[in-house]
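2 protein chains.
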Amino acid sequence: MTQFNPLANHPDPGSVRTGRDARLLFRDPASTPFLQTTGMAPGFMQASPIILPGELALDFATFCQRNPKPCPLVATSNRGSPTLPTLGDDLDLRSDLGGYRIWRHGELVEEVTGIGELWRDDFVGFAVGCSYSFEDALVRDGIEVRHISQGVCVPMYMTNVPLEPSGPFAGRMCVTMRPMTPRDAIRAIEITSRFPLTHGTPVHIGDPGQIGIDDLETPLVGDPVEVREGEICVFWGCSITPQYAMLQAKPEIAITHKPGCLLMTDVPSRGDAIDLPSLAA
Amino acid sequence: MTQFNPLANHPDPGSVRTGRDARLLFRDPASTPFLQTTGMAPGFMQASPIILPGELALDFATFCQRNPKPCPLVATSNRGSPTLPTLGDDLDLRSDLGGYRIWRHGELVEEVTGIGELWRDDFVGFAVGCSYSFEDALVRDGIEVRHISQGVCVPMYMTNVPLEPSGPFAGRMCVTMRPMTPRDAIRAIEITSRFPLTHGTPVHIGDPGQIGIDDLETPLVGDPVEVREGEICVFWGCSITPQYAMLQAKPEIAITHKPGCLLMTDVPSRGDAIDLPSLAA
Chain A
1 MTQFNPLANH
11 PDPGSVRTGR
21 DARLLFRDPA
31 STPFLQTTGM
41 APGFMQASPI
51 ILPGELALDF
61 ATFCQRNPKP
71 CPLVATSNRG
81 SPTLPTLGDD
91 LDLRSDLGGY
101 RIWRHGELVE
111 EVTGIGELWR
121 DDFVGFAVGC
131 SYSFEDALVR
141 DGIEVRHISQ
151 GVCVPMYMTN
161 VPLEPSGPFA
171 GRMCVTMRPM
181 TPRDAIRAIE
191 ITSRFPLTHG
201 TPVHIGDPGQ
211 IGIDDLETPL
221 VGDPVEVREG
231 EICVFWGCSI
241 TPQYAMLQAK
251 PEIAITHKPG
261 CLLMTDVPSR
271 GDAIDLPSLA
281 A
Chain B
1 MTQFNPLANH
11 PDPGSVRTGR
21 DARLLFRDPA
31 STPFLQTTGM
41 APGFMQASPI
51 ILPGELALDF
61 ATFCQRNPKP
71 CPLVATSNRG
81 SPTLPTLGDD
91 LDLRSDLGGY
101 RIWRHGELVE
111 EVTGIGELWR
121 DDFVGFAVGC
131 SYSFEDALVR
141 DGIEVRHISQ
151 GVCVPMYMTN
161 VPLEPSGPFA
171 GRMCVTMRPM
181 TPRDAIRAIE
191 ITSRFPLTHG
201 TPVHIGDPGQ
211 IGIDDLETPL
221 VGDPVEVREG
231 EICVFWGCSI
241 TPQYAMLQAK
251 PEIAITHKPG
261 CLLMTDVPSR
271 GDAIDLPSLA
281 A
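Heads up: the sequence lines are chains A and B, in that order.
According to our numbering, the first sequence is numbered sequentially starting from 1.
According to our numbering, the second sequence is numbered sequentially starting from 1.
Only chain A is shown next, with the shape it has when bound in the complex (with noise of 0.2 Å):
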């Protein structure tokens, strides 16, 4: 089980009330490295960032075109350019996150707190949408979420469902499950109906099977959640999703976050995310 103590490795978690306090934490190369972002921060939307080479930049954008469910394309960075000024107006993508994991051919090679010496003037950079955002909503509703209430991290499973390829990037769907009631469950629909940057609507509900999941009890990543009597399961797509695309890629070179260190934005989690992200006020 991981446990689940968000601020237990902040250094002061009072300083970080916002996600730009955050950026400037992890870009402070005394900072302690790897720091969690669960939690930290709340109100402020978190990104799954992913960095590649401009040839197969068109690739993934197109990528995130066609499965927008598990993909919901955020942000997208100029060639060569670290910044994405629609998330955070100083956020640099070469220093603010607080872990990176570095991919060669599809294999994990390295895991740094800065990727300054590595970025390349080909590269572009892009934010897919994560769950926190719709978490707080169903939160805020009354919902009971699962794995909050549990305090681990959310299940994440491997489907047969097939994503609409893109050049190299192929593959299955990725889902996370949370349990609920059916009168939660069709509640949390209607909310997460205006999330579609963080994923929307659910993909399935019901029958784990009916989507190639055999096992609840075993999820590809995170930990497994109590389904209790008369509860539905709800799943929605997971911006993992595209990390497996791009691994089955094997690009020369990519860049991802560290699990658990996502990308700290200016823009607040609360909003209605059907529109652009805009920076809070």
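Do not rely on the hints blindly, as some may be mistaken.
Which residues of chain B face chain A? A few of them, derived with a C-beta cut under 7 Å, are [as the list claims (entries may be wrong)]:
(1) 57
(2) 61
(3) 81
(4) 143
Coverage of chain A stretches by chain B, computed from C-beta distances (three or more under 8 Å per stretch; other residues unrestricted) [stated by the list, open to error]:
(5) 154-160
(6) 185-196
It is worth saying that the hints were derived from the structure and are not from the lab.
Idealized CB from N, CA, C, for every residue including glycine.
Use these hints to put chain B onto chain A, whose structure you have.
Same frame as chain A, but now just chain B:
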């Protein structure tokens, strides 16, 4: 005034029941050139195509990602491929439009009914959602859509609202305007929130001057419509926006539809367009 008689130039309106029927008609070299698609194959989504050299494709995809209200991308072709299978099984961008416009360095040079001989191995085709889908939904809800009742073309205006640039693509947002009672305007916002792939909710309501429109009587494209006492003007992002951004980018070649000759798809326009379009069963 553009007279609105959508079926006037159709050889046999009854035979054009689906998007595919329309594409097969346009594909026939013996068909009347430049047939208008307004009102054709009701219930099927129409889209604005734009075809660009590969070297500009990533910049354009990113431009659409950054400006989703005027430029909602509903499909992207593979490089060199004239197909868009998510919009129609046998869709062929080289032949399936009623009319094409060829642009060189931002200048209109020709209008043709097929582009087979111009197609290149590096071309990428894009389809941008258009407002017909959400107009269907408004009409089904009993909302009067003024330009339809008046039998004219929807008025389109240039605003002073800057777009998020990407590469050479930049400029200001174009909008459509529909005057409504305040009650209908509220309901129209509610309905269009479910159609982000066809421009979503309005970008402005009320005073046209606030978005730089000085005179409603002289639209950039289309016809002025009557605004009655007590009505409020409701402005939506317009899919001519990417064409104006293309004019500014001045690509060595670009291909768009001739106005009124949209790309007919097999995607039901009545569907809730928050998800990716899916083909009619």
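**Item:** Structure versus earlier hints - violations, ascending order
**Value:** Of the numbered hints given earlier, those the structure breaks are 3, 4, 5, listed in rising order.
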